[in-house]
Amino acid sequence: MQLIKKKRTRELLLIWFFIAPSLAIFTLYRIVPLLWNGVLSLQFWSPYKLPEFAKLYHYEEMLFYDDAFWQALWNTIILMASAPIGIALALFIAVLVDTQVRGRNIYRTIVFMSYPVMTVAVGIIWQWLYNEKVGLINYVLISLGIIDRGIPFLESFDLALPCVIVASIWQVIGFYMIILLSGLQNIPPSLYESAAIDGATAWMRFQRITLPLLKPSIFLCFVIGIINSFTNFDLVYVMTQGGPGHATDLLITYIYTVAFKLSKFDYAAAMTIVNFLFFLGLALLANKAAGGEAGAIDVGK
Amino acid sequence: MKIDRTLTWVFGAFFALAIIFGTATAQAEKTLTVLTWNIPYFQDGFTKWVTDFNKIHPDIKIERLDKKGTEWSTFYQTQVVAGTAPDIIDVQGGLWLEYAAKGGLVDLTSYLKRDQDYTKRIYPEILKGWVYDGRNYGVPLYISKTLLFYNKLMFKEAGLTEPPKSFDELLEYARKMSKGEKSGFMTLNFDWLYWPLLAMNGVELLTPDLKKAAFNTPKTVEVLEALAKATQEGAINKISWTGRWVEPNGAFAAGTIGMLHAHAPAFLWFKSKAPWVNEDTVGATHIPGGWSTPNSHSMLISKSCKYPDAAWDFVKIATSGEGAYALGVGTNNLTGDKIVNEQLFEYFTKNIPAVVPVLKTQLEYLDKLCGNWPAAKDAEIKEAFYPELQSALLGQKSAKAALADAEKKVNRVLRKR
Amino acid sequence: MHKYPHWPIHLVLVFVSALMLVPFIWVFKTSLTGENIFSYPPSILPKDPHFFYYVDVWYTIPFFRYLVNSVIVSAIVVVANIILNAMAGYSLTREFVGKKAIIVLYLSCMMIPFQVTIIPAYLITKELGLLNTHLGMALPVCSTIVCIFVFKASFDAIPKSLIDAARIDGMPDWKIVFRLMLPLSKSAIATNVILAFIWSWNNFLWPLVIIRDQNMQTLPLGLSRFLTVVEDTTGALYAFCIMVLLPGLIIFLLSQKEFIAGLTKGAAKG
Chain U
0 MQLIKKKRTR
10 ELLLIWFFIA
20 PSLAIFTLYR
30 IVPLLWNGVL
40 SLQFWSPYKL
50 PEFAKLYHYE
60 EMLFYDDAFW
70 QALWNTIILM
80 ASAPIGIALA
90 LFIAVLVDTQ
100 VRGRNIYRTI
110 VFMSYPVMTV
120 AVGIIWQWLY
130 NEKVGLINYV
140 LISLGIIDRG
150 IPFLESFDLA
160 LPCVIVASIW
170 QVIGFYMIIL
180 LSGLQNIPPS
190 LYESAAIDGA
200 TAWMRFQRIT
210 LPLLKPSIFL
220 CFVIGIINSF
230 TNFDLVYVMT
240 QGGPGHATDL
250 LITYIYTVAF
260 KLSKFDYAAA
270 MTIVNFLFFL
280 GLALLANKAA
290 GGEAGAIDVG
300 K
Chain P
0 MKIDRTLTWV
10 FGAFFALAII
20 FGTATAQAEK
30 TLTVLTWNIP
40 YFQDGFTKWV
50 TDFNKIHPDI
60 KIERLDKKGT
70 EWSTFYQTQV
80 VAGTAPDIID
90 VQGGLWLEYA
100 AKGGLVDLTS
110 YLKRDQDYTK
120 RIYPEILKGW
130 VYDGRNYGVP
140 LYISKTLLFY
150 NKLMFKEAGL
160 TEPPKSFDEL
170 LEYARKMSKG
180 EKSGFMTLNF
190 DWLYWPLLAM
200 NGVELLTPDL
210 KKAAFNTPKT
220 VEVLEALAKA
230 TQEGAINKIS
240 WTGRWVEPNG
250 AFAAGTIGML
260 HAHAPAFLWF
270 KSKAPWVNED
280 TVGATHIPGG
290 WSTPNSHSML
300 ISKSCKYPDA
310 AWDFVKIATS
320 GEGAYALGVG
330 TNNLTGDKIV
340 NEQLFEYFTK
350 NIPAVVPVLK
360 TQLEYLDKLC
370 GNWPAAKDAE
380 IKEAFYPELQ
390 SALLGQKSAK
400 AALADAEKKV
410 NRVLRKR
Chain R
0 MHKYPHWPIH
10 LVLVFVSALM
20 LVPFIWVFKT
30 SLTGENIFSY
40 PPSILPKDPH
50 FFYYVDVWYT
60 IPFFRYLVNS
70 VIVSAIVVVA
80 NIILNAMAGY
90 SLTREFVGKK
100 AIIVLYLSCM
110 MIPFQVTIIP
120 AYLITKELGL
130 LNTHLGMALP
140 VCSTIVCIFV
150 FKASFDAIPK
160 SLIDAARIDG
170 MPDWKIVFRL
180 MLPLSKSAIA
190 TNVILAFIWS
200 WNNFLWPLVI
210 IRDQNMQTLP
220 LGLSRFLTVV
230 EDTTGALYAF
240 CIMVLLPGLI
250 IFLLSQKEFI
260 AGLTKGAAKG
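Here the protein sequences line up with chains U, P and R, keeping their order. Mind the numbering: the first sequence is residues 0 to 300 in numbering that gives the first Met the number 0, read in order. Mind the numbering: the second sequence is residues 0 to 416 in numbering that gives the first Met the number 0, read in order. Mind the numbering: the third sequence is residues 0 to 269 in numbering that gives the first Met the number 0, read in order.
Bound-form chain U, shown alone (with noise of 0.2 Å):
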């Protein structure tokens, strides 16, 4: 008995000593941050003065009077809706690179390439792209007469965010397709093999091997993506600055601007938590819909 406690033990201690260091990183410079952001919530502060009790002044404000909140909450709302778009497109040519074709390689770096460009420059050239005169996609359509003029798409409060959403995937998608090729990694090629020989053509390969294989990675890219889209804050930013009016305004973009360009960080502060708590409770309201953690299946089965 006393053999096996210690066991345990030494188990225990090993496993929380290994969590312990991304833990303490996760501590200080998030859910500190965090609480900062909950304790000013409640005051009326400034960088200059002692903070006063505010009680839930600035939570009031927001909800029943500002309605920049509301359209940046819906914005990100609809950002996170578009996430599975980019995932599937990632998933898709994720298979596709995997194969044995030729080149995968160059194909793999091609949609990578995006990712890790810096957000200033996918930002300008996407508006250039956008440009209602001379913009190429404008150039384009009006060169195969399938409109005769420019649409304004970025100066547009309909159009605006939807195009932001279209250079966000094209940004990311290199980011999924990463996540979701390591996933594919994990799938051992006897089991294809096997199928192969057993008779199973490529689709049902995909169906009934990739797919719930590759579902822990699926869902962690889905995870990724729903909590970028209300993190995701430089593409914004850059492209439009929220505008035009609130069209494009995510919750952060807002949170960031009243803070640091108004000044007003008690109320950004009230608004991180907001943000956060909602989130949170769609987090884990998705979480007991899908029936647990983003396990993992065992192999060995």
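For the record, the hints were derived by calculation from the structure and aren't laboratory data. Every clue listed holds true.
Within a straight-line C-alpha distance of at most 35 Å, the following computed DSBU-like cross-link-like pairs (lysine-lysine) qualify:
| # | chain 1 | residue 1 | chain 2 | residue 2 |
| --- | --- | --- | --- | --- |
| 1 | P | Lys302 | U | Lys48 |
| 2 | U | Lys260 | P | Lys376 |
| 3 | P | Lys349 | R | Lys46 |
| 4 | U | Lys48 | P | Lys127 |
| 5 | U | Lys48 | P | Lys376 |
| 6 | R | Lys46 | P | Lys67 |
| 7 | R | Lys159 | U | Lys287 |
| 8 | U | Lys54 | P | Lys415 |
| 9 | U | Lys260 | P | Lys415 |
| 10 | U | Lys260 | P | Lys367 |
| 11 | P | Lys210 | U | Lys48 |
| 12 | R | Lys174 | U | Lys5 |
Pair by pair, the computed Cβ-Cβ distance ranges are:
| # | chain 1 | residue 1 | chain 2 | residue 2 | range |
| --- | --- | --- | --- | --- | --- |
| 13 | R | Lys98 | U | Gln206 | 25 to 33 Å |
| 14 | P | Glu62 | U | Ala288 | 53 to 61 Å |
| 15 | P | Asp132 | U | Phe16 | 57 to 65 Å |
| 16 | R | Ser42 | P | Thr280 | 20 to 28 Å |
| 17 | P | Asp132 | U | Arg148 | 48 to 56 Å |
| 18 | P | Asp43 | U | Val100 | 52 to 60 Å |
| 19 | U | Phe16 | P | Glu62 | 36 to 44 Å |
| 20 | R | Asn214 | P | Asp208 | 44 to 52 Å |
| 21 | R | Asn214 | U | Arg148 | 46 to 54 Å |
| 22 | P | Glu363 | R | Tyr58 | 34 to 42 Å |
| 23 | U | Val31 | P | Gly82 | 17 to 25 Å |
For each residue, glycine too, the CB sits at the ideal point set by N, CA and C.
Here the structure of chain U is known, so what remains is to put chains P and R in place on it, guided by the hints.
Quick look at chains P and R alone, frame taken from chain U:
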């Protein structure tokens, strides 16, 4: 395997070395930190400032920082919270109002009163642009305000000979010059730069006591509708309402814009992109009525500064006399010092003659400055007002509805804490 | 082997690649010509291309010094990520009390975007005495949740029989992680390296906020020099972006072989 091991060792060594070198050292001497706004290429002039400053204060070291406009306030405010705010700051537009209103800046009124040899060199109309609540917080570092650039080639093509003399003429000319990829009119929109279009029609943003919105009038509705219509038709390029700097100026440089409403620095920027720009092809004039929004840069002192008197000496060096001249030459701008500007005009006439007509406009109509209200909540008011204006200009809402919503929002901003 | 035609795959991939490349072509073209991207009509071929802008970038900013700083910071981040994430990923493959809570905690950390943490992170870094240092720039990203889960997925895919065999042989747990499991997770390591490198290499706002000493700046911070109001720096700006992009690409290319199916798995099993 061997490569793996070697790589591991290399990485490990890097890691260890990095941690060893990862310790900060503290500064024990007297320092004043200067934070400039997007002028990293301004080196020699800054060195001159430091040399001149050290003649009076040999014991104080000057630390220089420079940040681009988009990150400037993020950086500055983080430093303020951390208690290490830069002492002397170069601020664009109306951002300083927030800091002044919250007590974050040193009041310079007594210094200005005391040092009359300095103060009498500065344009009084410009100097009062940094007065809040009766106190003067800043002095001009370099000055600029909006003007109307026009593409003489596009004018000729449309059969026009002179720049427009009224609002209606402006819109009419814009229409005449717009076709295909060309637009008749473009304006910058940040920091209230578009305001002259409204001011020339008698629109006021706020009541004189700055307590209530005053813009929701039938006249404003009329003006807004006219602007929106011109935008819909493409006579006013839509980027006027959504672009920042590169897009509007880049478009003018590409020769596709008939009239550009921007401030003086735009000239040298788009000229550097467009070899076709010269006195025969691009004209510089005032918008009808002579109204303009200033977008000058000022120098201010943070409240946390430990040596405000010394800081004030630095500010004087940078904004007047030889120091100001160095800045003017180094950044191709006019300064707040009357005498220095005369010298600068001589310099520009000799070295960059093309920019002289542009710079001349900067010192005319100083009584028709608009678009800068000494309101503490300037940024918030802008946030409440501009998106509504955009929605009307880009056809999302009717002008009437947009202005009504804007009025509600602006009044709320002014009323609440 | 697999009996399906390759040409439809090629067709699709070529189409996708072309779409993905369009923005690139323009960035690259403009870096060679510095032309006004707002001129009309747009042309795909560069007029008078030259490499002058690339040279310009090298001299306009202290490129080499920034490069060295970036390399040091990224090296710290990559190494730290591999070690810390592998450790955490391993722990998540075991069962223990509080595992669910940790996972929820990790996921919620992912939902705290960097921008809302700037001020407290700065204050914390100040307390740790790490302002203006490479370690200070590296610390907040020394571990990332995404990569922890990538490792977890990879570890979960290792046959339990192998691990049990090693246990029975008396191998201590830490050895199992670093000597047995890690070598079998080459693609997870590669993913970690690529992502950690890119995130730290392109990191702009954090170094901007904590570095006051010009000599400590990293590469992305040099960007500001090409976005001034006074001069036209489009060509140099794009050349700069391409130059900053290259190391990330190189790292990706170097780890290509980790993504080739079959090779690693086969070798390990033998």
